Structure formats: C-alpha cells, structure tokens
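J.: Take a look at the letters that make up each chain.
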Amino acid sequence: MTMAADRRSPGSPVPAAEPAEDAIVSQIAAADARRRLRFRSTFILTWILVVGGLVAFLVAVDAVDLAWLQPWAWFIVGGVPLTILISVVSIALAVVFALLGAMGRISTVAVVYALATLYVSIVRGTPLIVQIFFVWLALPQIWPGFGTVDLIWLAIFALAFNYGAYMTEIFRAGIQAVPRGQREAAAALGMTQRRIMARVVLPQAVRIVTPAVGNEFIAMIKDSALVSVMGVQELLWRASTVGKSKFHTFETLLLAAAVYWVLTMIFSYFQERLERRMARSDR
Amino acid sequence: MVALGDMVIEATDIEKYFGSTHVLRGVSLAVRQHETVMLIGRSGSGKTTFLRCLNFLEEPSAGHVRLGDLRVDADPLQREGRARRSQIRRIRTQMGMVFQGFNLFPHMTVLENCIEAPIAVKKVPRKQAIETADRFLEKVQMIDKRDVYPSRLSGGQQQRAAIARALSMEPKVLLFDEPTSALDPELIGEVIVVMEQLAHEGSTMIVVSHEMAFAREAADRVIYLEGGVVVEEGPPEQVLDEPRQEATRQFLRRFLSEGARAPTADEPHPVSPF
Chain C
239 MTMAADRRSP
249 GSPVPAAEPA
259 EDAIVSQIAA
269 ADARRRLRFR
279 STFILTWILV
289 VGGLVAFLVA
299 VDAVDLAWLQ
309 PWAWFIVGGV
319 PLTILISVVS
329 IALAVVFALL
339 GAMGRISTVA
349 VVYALATLYV
359 SIVRGTPLIV
369 QIFFVWLALP
379 QIWPGFGTVD
389 LIWLAIFALA
399 FNYGAYMTEI
409 FRAGIQAVPR
419 GQREAAAALG
429 MTQRRIMARV
439 VLPQAVRIVT
449 PAVGNEFIAM
459 IKDSALVSVM
469 GVQELLWRAS
479 TVGKSKFHTF
489 ETLLLAAAVY
499 WVLTMIFSYF
509 QERLERRMAR
519 SDR
Chain X
103 MVALGDMVIE
113 ATDIEKYFGS
123 THVLRGVSLA
133 VRQHETVMLI
143 GRSGSGKTTF
153 LRCLNFLEEP
163 SAGHVRLGDL
173 RVDADPLQRE
183 GRARRSQIRR
193 IRTQMGMVFQ
203 GFNLFPHMTV
213 LENCIEAPIA
223 VKKVPRKQAI
233 ETADRFLEKV
243 QMIDKRDVYP
253 SRLSGGQQQR
263 AAIARALSME
273 PKVLLFDEPT
283 SALDPELIGE
293 VIVVMEQLAH
303 EGSTMIVVSH
313 EMAFAREAAD
323 RVIYLEGGVV
333 VEEGPPEQVL
343 DEPRQEATRQ
353 FLRRFLSEGA
363 RAPTADEPHP
373 VSPF
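Chain order of the listed sequences is C and X.
Sequential numbering of the first sequence, starting at 239, is according to the working numbering.
Sequential numbering of the second sequence, starting at 103, is according to the working numbering.
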C-alpha cells in the first residue's frame, strides 16, 4: 500500500517517491491512519458509554422497567411504518405545494403573486399545531364532509400544507439561483417560458434545493409526531397512549424519542451520501 | 468566399435606454445572406446591447427588427401581448446566438443540448434532430464529446458545443456575443477557427468581438460603435487599417497597444499608464 490509497485528495499528484522517501511517507501515512482510527473509535466508544451508561443507570435505579416495557415495545415501534408513511407522503405533497407556491412567488401576475405570498405569510405566521387542530376540528364544523375523511389524510394535508409554505421559499430561492444566462440561452432558441421553466430552470433548481428538501424531510419526521393529537396511531400516539394508561410514560416516551432519533440519523446518513454524490457530479 | 445574397436581417433605428441612460441612439444594420459583420467598440459602446436587441433578449426602446417576412417593432410601454411574444419567438428560432459565457444546459449532454430546441420548438422528429445535431457537432469537432456533460469540457469545447447548439436550429443568422472573451488565451484559437470556417462557408453572422484577426480573416464588414452610434463602417482593411474617423483611430491605437502585439522596431513602445 502506498500513501496514494490513503490520502483523501485524488486531485493532488503523487510524486514518484525515492525508496528512502517511500519509507518515511508510508510511516507518516500509517500514523495518520492510526490517529484517524483512534479518533473514530473514541467517538463511538463515548457515545456507547454515555447512552448505554444512562440506560443502565435508569434501569438500575428502577426508573425504567424494561421487563414491563418489553411486551409493549413492539406495539409502540409498530407505529414507525405509519410515521414514515405520513412523513413521506406529506413531504411529497409539500413539494407539490412548494412548486406551485414558488411559481406564484416569481409570477409577474399580481393576483398570483399576492395569493402565493398570502399562503406563505399565513402558514408561516401561525403555529403548526393550530393548523393541525384547524384541519381536524374547525373545518369539519363548517363543512361536515371533512369529518368523514380518513384522519391520516387530514394529518398529511395539514403537514404538507404547512411544509409547503416553508419549502415555497426554498424552491423560489432555488429557481432564482439558476443563472440568468440559462434562461437567456433557452429563450434565444425560441423556447416558450413554460418550456424554459420545465426543461431548463426546474431541473437545475431541483438539484440546488435537494439538500434543503432533505433537511425538511428530517424535520417532517419529527413534526409528524404532532398529528398524534388527532388520534392518528403513529409512533408518539402509541407511546403516549400506552404510557398514560399504565403510568409508565417515562419508558414509553424514552422509547419513542430513541426511535425518532434513530430514524433521523438513518435519513441524515442517506442525505449526506446523496449530497456528496451530487457534489461530485457537479464537477 | 461566398457571394453575398439578399437582405436577411434588418434592424432599423434601434434605440435603448437603461433607466435614463441612453445606450443606443439609433443604430441601424442590414445584413445580407452569407455576410459576416463584426461589431467593435470599447466596453459601454452599446455593441452587445445592440446584438441582444436583435433577438429581443433586450427590449429595444425604439426601432424595429425585420427578418424575412417577420417584423417586430419596439414595444417600450409593453402594450402588446401574446401575439408579439410569439413573433419574437419565431424570430429567435431563425437567429442562433452564442454567448460569452457559453450557457450550455449543465443537466443535458452536449447532444441533448443540441436537440432540445429543434424538437421542442421546431417540432423536428427526434431522429432527424439527432442527425442534424451530429452533423454540426462533426463540423465543430465535438462529435466525440456528444454524450458528455458540459462540466467535463474545457471552455473552448463548451463554446464549440454552444455553436453546434445554435447551428442545430439551422438559423438564418448567427449572433456571437464576445464568444472568446471568457476563454483562456490558449483556447481562443479553436473557437475562432470554427467561426472562420462558418464565415467562409457562407453563414450569415453578426459578431461582437475584440478578435481583430478574425475581423481581417473572415469579416465582410466591420462596424465601429461608440456612445451608442455607428461611427464608422466598411471593409475590415479600411476600418482597421485606414480608419477615417478620429474616434476609430483612437480606439484602435489604444486597443492594439493594450493587446499582446509586440511593438516593432520603428514603433515606440507604448507607455504604460501605470
């Protein structure tokens, strides 16, 4: 193994080393690798010690009754598929709202611009929990038909409507980040505004906003817990319902929190990989 | 050189204000088929603005542009709507433009860049669009890079691909807006060669550039703009070597002394302003 394989700088040319130099270079590389490995293992060890120690401590002092939790744990974790389903569908729908919103926010038609701006302003100016209550309780009062809609759909709608407003600004910024020359080049070829948007601007804007949308998705996983107030039987609802009825909320909420944490870590990992891959293909 | 044909494009009394700044003060230009016209002038002279007015990337404040049987008038108050926009698009499909910054679509391969507009705008069948694009990619010697994304190309390659993209629409006129200004010096040549070839084969071209060698080699006519008016125009050897106007002389003197040209023995070394 030469140092070329260890060094993380594919761009820098590796000079052909003399044999004597080669020895010192590989020694340095090995030392570097050892240092990195030590850092990493210390990092992981610290996490395990702190988290594991905390859990062990809580069990030891009888704050956490693992024996009690065990039969309920599967029921609580069984809420994960619904949590993920709500998050995925909501973010997808939010992207649609955001696209429409962003189109409105860059529109030169005053009414369209006004409506889009109003949407963003109202949604960002009121608490998400109020919006959820509104969709769940207030709307069915004035429009009974709304009450017959499946709760899950109401939950998804409330989350998507809210996130769509925040993501409207993300998409608007992404669209405006596409260089003006791109639009000009397309216009000079005789393309219509609609076509330019669909074929030239949006594909580039989507790549620009992908990391930000990833962040929104991770935030959505956590905010999806809010719809438990509606009685949607996702992760938090199961944890709090079981916990409250058996006076074991500490165990159930701790479990729910841990599951949310793991979920967001998993998606952060994939998001990081995606970002790195996109950054590479840009070059 | 190909003999000049009929009038292809005619811009009449083009005026342009940016706010209260009067950048173009009535510039007219008529270009015949197979003709190559070069616009020169210092920065701020209005040459790029004029070029961009020809395909309405910049809205002229007064005047009109005629291309074949199409005529579009300036509409500074934006009274006209859809019909005018579609007229402008029709003019644009017949006018290819090459930009200083290339402006290739980064999410499309070179070939996709070249077939996008023919398929979308001219409704050319895909197969035929590819054939046409390949022909032009061959001409600009980019055929081996046809499936590559622009980010993998050098500036010179990108600009040649951009020329192929413009050609793929089979336009009546090609507009070049400082096509070599963003290029490293060693890459300018490959773009100029392509442009000269096009000019010699009879393309109708309007070129804004500082490449005087190109003007001498390929231009039929050189126009010197200053302060938004045409100061002087004529064949390159006349405008560049025996300018009649003092303004042209001054521009050329300064321009050439700033250029890389080494001073000859009987010519005093230009005094650096610094």
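Honestly, the hints are just simulated from the structure, not real lab data.
Heads up, a few of these hints could be off.
Some chain C residues well away from chain X (every beta-carbon gap over 12 Å; in silico) [as the list claims (entries may be wrong)]:
| hint | residue |
| --- | --- |
| 1 | Arg278 |
| 2 | Leu427 |
| 3 | Val439 |
Computed list of lysine to any residue pairs in SDA-like fashion (alpha-carbon distance at most 25 Å, straight line) [claimed, not checked]:
| hint | chain 1 | residue 1 | chain 2 | residue 2 |
| --- | --- | --- | --- | --- |
| 4 | X | Lys274 | X | Ala132 |
| 5 | X | Lys229 | C | Pro441 |
| 6 | X | Lys225 | C | Val326 |
| 7 | X | Lys274 | C | Pro441 |
| 8 | X | Lys225 | C | Met435 |
| 9 | X | Lys225 | C | Ile344 |
| 10 | X | Lys224 | C | Ala436 |
| 11 | X | Lys229 | C | Arg418 |
| 12 | X | Lys225 | X | Gly257 |
| 13 | X | Lys225 | C | Trp499 |
| 14 | X | Lys241 | X | Pro287 |
| 15 | X | Lys225 | C | Gln420 |
| 16 | X | Lys224 | C | Phe384 |
| 17 | X | Lys224 | C | Arg418 |
| 18 | X | Lys274 | C | Gln431 |
| 19 | X | Lys224 | C | Gln431 |
| 20 | X | Lys225 | C | Val288 |
| 21 | X | Lys229 | C | Phe295 |
| 22 | X | Lys224 | C | Ala305 |
| 23 | X | Lys225 | C | Ala348 |
| 24 | X | Lys274 | X | Phe357 |
| 25 | X | Lys224 | C | Arg433 |
| 26 | X | Lys224 | C | Lys484 |
| 27 | X | Lys224 | C | Pro449 |
| 28 | X | Lys274 | C | Leu440 |
| 29 | X | Lys229 | C | Arg433 |
| 30 | X | Lys225 | C | Arg421 |
| 31 | X | Lys225 | C | Asp388 |
| 32 | X | Lys225 | C | Arg433 |
| 33 | X | Lys224 | X | Leu179 |
| 34 | X | Lys241 | X | Gly257 |
| 35 | X | Lys274 | C | Gln420 |
| 36 | X | Lys224 | C | Thr430 |
These numbers were taken from a predicted model, which means no experiment stands behind them.
Just so it is clear, CB atoms sit at the ideal spot from N, CA and C, and this is done for glycine as well.
J.: Evaluate each hint against the coordinates.
T.: Now the hints, each set against the structure:
1. Non-interface call for C/Arg278 relative to chain X: holds, since the shortest CB-CB distance, roughly 33 Å, exceeds 12 Å.
2. Distance check for C/Leu427 against chain X: the nearest CB is about 4 Å away, which does not clear 12 Å, and the non-interface claim fails.
3. Annotated as non-interface, C/Val439 brings its C-beta within 12 Å of a C-beta of chain X; the closest such distance is 10 Å.
4. Restraint check: the Cα-Cα separation between X/Lys274 and X/Ala132 comes to about 13 Å, which is no more than 25 Å; the hinted pair holds.
5. Proximity of X/Lys229 to C/Pro441 is assessed by CA-CA distance (about 24 Å); at most 25 Å being required, the pair is judged to hold.
6. Distance hint between X/Lys225 and C/Val326 is unfulfilled; the C-alpha atoms sit about 38 Å from each other, more than 25 Å.
7. The suggested pairing of X/Lys274 with C/Pro441 is violated, with an alpha-carbon distance near 30 Å, which exceeds 25 Å.
8. Pair hint X/Lys225 plus C/Met435 holds up; C-alpha atoms about 18 Å apart against a cutoff of 25 Å.
9. Between X/Lys225 and C/Ile344, the direct Cα distance comes to roughly 29 Å. Violation of the 25 Å bound is thereby established for this hinted pair.
10. The hinted pair formed by X/Lys224 and C/Ala436 meets the criterion: a straight-line CA distance of about 17 Å does not exceed 25 Å.
11. Between X/Lys229 and C/Arg418 the alpha-carbon distance is near 30 Å, which puts this suggested pair outside the 25 Å criterion.
12. Restraint check: the Cα-Cα separation between X/Lys225 and X/Gly257 comes to about 30 Å, which exceeds 25 Å; the hinted pair is violated.
13. Using a Cα cut-off of 25 Å, the hinted pair X/Lys225 and C/Trp499 is violated, with the two alpha carbons roughly 52 Å apart.
14. As the CA atoms of X/Lys241 and X/Pro287 are separated by approximately 22 Å, the hinted pair is consistent with the 25 Å bound.
15. As the CA atoms of X/Lys225 and C/Gln420 are separated by approximately 21 Å, the hinted pair is consistent with the 25 Å bound.
16. Straight-line distance between C-alpha atoms of X/Lys224 and C/Phe384 comes to about 48 Å, which puts the hinted pair past the 25 Å bound.
17. Between the alpha carbons of X/Lys224 and C/Arg418 the distance comes to roughly 23 Å, so the proposed pair stays at or under 25 Å and holds.
18. A threshold of 25 Å between alpha carbons decides the hint, and for X/Lys274 with C/Gln431 the separation of about 23 Å falls inside it, so the pair holds.
19. For the hint pairing X/Lys224 with C/Gln431, the CA-to-CA distance comes to about 15 Å; that is within 25 Å, so the pair holds.
20. Restraint check for X/Lys225 and C/Val288: the C-alpha separation of about 65 Å exceeds 25 Å, so the hint is violated.
21. At roughly 71 Å between alpha-carbon atoms, X/Lys229 and C/Phe295 are farther apart than 25 Å, so this suggested pair is violated.
22. For a cut-off of 25 Å, the pair hint linking X/Lys224 to C/Ala305 is broken: about 72 Å separates their Cα positions.
23. Between the alpha carbons of X/Lys225 and C/Ala348 the distance comes to roughly 33 Å, so the proposed pair goes past 25 Å and is violated.
24. Proximity of X/Lys274 to X/Phe357 is assessed by CA-CA distance (about 32 Å); at most 25 Å being required, the pair is judged violated.
25. Between X/Lys224 and C/Arg433 the alpha-carbon distance is near 13 Å, which keeps this suggested pair within the 25 Å criterion.
26. The suggested pairing of X/Lys224 with C/Lys484 is violated, with an alpha-carbon distance near 71 Å, which exceeds 25 Å.
27. The straight-line distance between the Cα atoms of X/Lys224 and C/Pro449 is roughly 36 Å, outside the 25 Å bound, and the hint therefore fails.
28. For the hint pairing X/Lys274 with C/Leu440, the CA-to-CA distance comes to about 30 Å; that exceeds 25 Å, so the pair is violated.
29. Restraint check for X/Lys229 and C/Arg433: the C-alpha separation of about 21 Å stays at or below 25 Å, so the hint holds.
30. Distance check on the hinted pair: X/Lys225 and C/Arg421 sit about 20 Å apart at the alpha-carbon level, within 25 Å; holds.
31. Taking the CA atoms of X/Lys225 and C/Asp388, the gap is near 46 Å; set against the 25 Å cutoff, the hint is violated.
32. As the CA atoms of X/Lys225 and C/Arg433 are separated by approximately 13 Å, the hinted pair is consistent with the 25 Å bound.
33. Note on X/Lys224 and X/Leu179: the hinted pairing is violated, with a Cα-Cα distance of about 30 Å set against a maximum of 25 Å.
34. This hinted pair checks out: X/Lys241 and X/Gly257 have alpha carbons roughly 17 Å apart, not beyond 25 Å.
35. Among the hinted pairs, X/Lys274 with C/Gln420 is consistent with the structure: their alpha-carbon atoms are about 22 Å apart, no more than 25 Å.
36. The hinted pair formed by X/Lys224 and C/Thr430 meets the criterion: a straight-line CA distance of about 12 Å does not exceed 25 Å.
Of the numbered hints listed earlier, those contradicted by the structure are 2, 3, 6, 7, 9, 11, 12, 13, 16, 20, 21, 22, 23, 24, 26, 27, 28, 31 and 33.
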